[in-house]
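This is what each chain is made of:
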Amino acid sequence: LCEETTWFAASGKGRLGTWVTFHQAFQAHFADKLPYVVGLVDLEEGPRLAANIVETSADALEIGLNVEVVFEQLTDEVTLPQFRPSKVGPG
Amino acid sequence: VANSAYPLRDTTAVVGVGTSVFARNTGRDRVALAAEAFNNALDDAGLDKRDIDGLVVNNGPDCDRLAQQLGIEVDYAFQTWAHGRLSASTVQVAAMAVHAGLADYVACVRAIMSTSVRGGRTSEASEAFRPGSGPHWEHPQYGWSHQGGLAALSFRRYLHLYGGQAEQLGQVAVAQRQFAQMNPWAVYQKPLTIDDYRDSRVVMDPLRLFDFAVINDGGVCLIITTAERARDLKKPPAYISGMQGMRAGRQQVIFAMPGLGVGAQDVFRYQAPKTQKVYEMAGLTRDEVDVLQIYDSFSPEVIYGLEQFGFCPSGEALSWIQNGRTAPGGQLPVNTHGGHLSAGMVGGWAHLVEAVRQVRGECGERQVNDARVAQYVAGPFASVIFSRQ
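In the order they appear, the protein sequences are chains X and E. Sequential numbering of the first sequence, starting at 18, is according to the numbering used here. Sequential numbering of the second sequence, starting at 7, is according to the numbering used here.
Some hints could be false.
[What the hints assert, rightly or not] Chain X is faced by these chain E residues, among others (derived, beta-carbon under 8 Å):
1. 151
2. 155
3. 158
4. 163
5. 168
6. 171
7. 173
8. 187
9. 188
10. 190
11. 194
12. 197
13. 200
14. 204
15. 206
16. 210
Because the hints were derived from the structure by calculation, they are not lab data. Bear in mind the structure is a predicted one, so any value in this text is a computation, not a measurement. We treat Cβ as the ideally placed atom computed from N, Cα and C, and that holds for glycine.
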């Protein structure tokens, strides 16, 4: 690690390291989303992100699965990166 | 006997332990819970509150306010971040303080009202919402506000790396409930079978209901002094023989063992070293541990604790615990009061009390035969070994 960090554009591709499927909501906002998946995604470039794994069922997931980013616009000001199984192979 | 490499070996001791009632929704505040535990610990030690000149609080009221409210005047007051993973470190600080002569008798206190502070199951008020998240790595914007999410994420990776079936984990809850049935102060004492476990609801796949700690109120107090003073008190001293600090760094994550790829960890197969500082300081080997107490807010932590310290071959803890190896009468009794999963969640402090009582031989029906050495494990590698001599 160094003291100076820089921004760069990432490919949005990565692999699923592990995931948890919530069957109980601990925040009211998620009550109607059950069950939902939180995964840890290792981006091609190295950083690891937590995000929901979307557009798939938990049964179809496996560790090492290729995933790609999709952006969920929650409000005018808030957009969350989410991940779904890749339509194409790794970049 | 003091050792030149480790001057704190057996030079301090726990001389009094006390608990409040452990129950859900007691309606009592933290000070009342702390005071009940403190008074019980004084009785246990045969001390008067005027003897107490040190106060260390792990998870509970502010230490200065608590001293006022307990009616004590102390020369040494200290407080740690309110997390159970710092429980072993808190005991270590108290031992170092009495050894250094900063105080003669230090009371270590933990008291919280989990049922009301955290709103029971609702964790919207939790620290997950502080900027940048905390050591549990929660991401509430994705519906991960509960600390248990980290244990579920690490355990799935564990199963992938080492093999095994998620339902084998049920033996942790089953074995601890067997101990809790013999513990009159455990919150949950009803029998629990592996079928009950399999039939319980999935909360955070791969974790089920019985993989989670009880949510309850409770206070605990331990009184620590020097070995010299301890020998003149009411009960046999539980000597603090060995200690090992909590590790931190990229590979260290609470609710995981190294190598599971959560937090900032790399992924690799972990191999426990032959020995660790806590054993070297105590002058003991791992095989001499009679009772093991592992911080267990979520049952995978018991698996990780066994492997971090090498009690079983790497990657084999899930099969190793089957057939009652850690249950009553087993080769290595673990969490003999029932742990957080059954006895009650008091941030590891009931584990510490139980370790002291086991080496004193005070545990009645659940007493481990001729227990001489009890080890407590919390968080990433933090540990304390208590022994009787």
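Outcome of the hint check:
Restraint check, residue 151(E) versus chain X: the minimum CB separation of about 5 Å is within 8 Å; hint holds. With its C-beta approaching chain X no nearer than about 5 Å, residue 155(E) sits inside the 8 Å limit, and its interface hint holds. Checking residue 158(E) against chain X by beta carbon gives a least distance of about 4 Å; that is within 8 Å, so the hint holds. Interface hint status for residue 163(E): upheld, as the beta-carbon distance to the closest one in chain X is roughly 4 Å, under 8 Å.
Evaluation of the residue 168(E) hint against chain X yields a violated restraint, the C-beta minimum of about 13 Å exceeding 8 Å. The closest approach between the C-beta of residue 171(E) and any C-beta of chain X is roughly 16 Å, which is over the 8 Å cut-off, so the hint fails. About 16 Å separates the beta-carbon of residue 173(E) from the nearest beta-carbon of chain X, more than 8 Å, and the hint is not met. The beta carbon of residue 187(E) is not positioned within 8 Å of any beta carbon in chain X (closest approach about 27 Å), and the interface hint is therefore violated.
A distance limit of 8 Å between C-beta atoms decides the matter here; for residue 188(E) the minimum to chain X is near 31 Å, and the interface restraint is violated. The interface hint given for residue 190(E) is violated, since its Cβ lies 31 Å from the closest Cβ of chain X, which is over the 8 Å cut-off. Violation of the interface hint for residue 194(E) is found here, the shortest Cβ-Cβ separation to chain X being roughly 19 Å, above the 8 Å cut-off. The restraint placing residue 197(E) at the interface with chain X is violated, with a minimum CB-CB distance near 25 Å, outside the 8 Å limit.
The interface hint given for residue 200(E) is broken, as the beta carbon of that residue sits about 20 Å from the closest beta carbon of chain X, more than 8 Å. Contact between residue 204(E) and chain X, as hinted, is not supported at the beta carbon level, the nearest pair being about 15 Å apart and thus beyond 8 Å. Against a cut-off of 8 Å between C-beta atoms, the interface hint on residue 206(E) is violated, since the closest Cβ of chain X lies about 11 Å away. About 5 Å separates the beta-carbon of residue 210(E) from the nearest beta-carbon of chain X, less than 8 Å, and the hint is met.
Going through the hint list in order, the structure does not satisfy hints 5, 6, 7, 8, 9, 10, 11, 12, 13, 14, 15.
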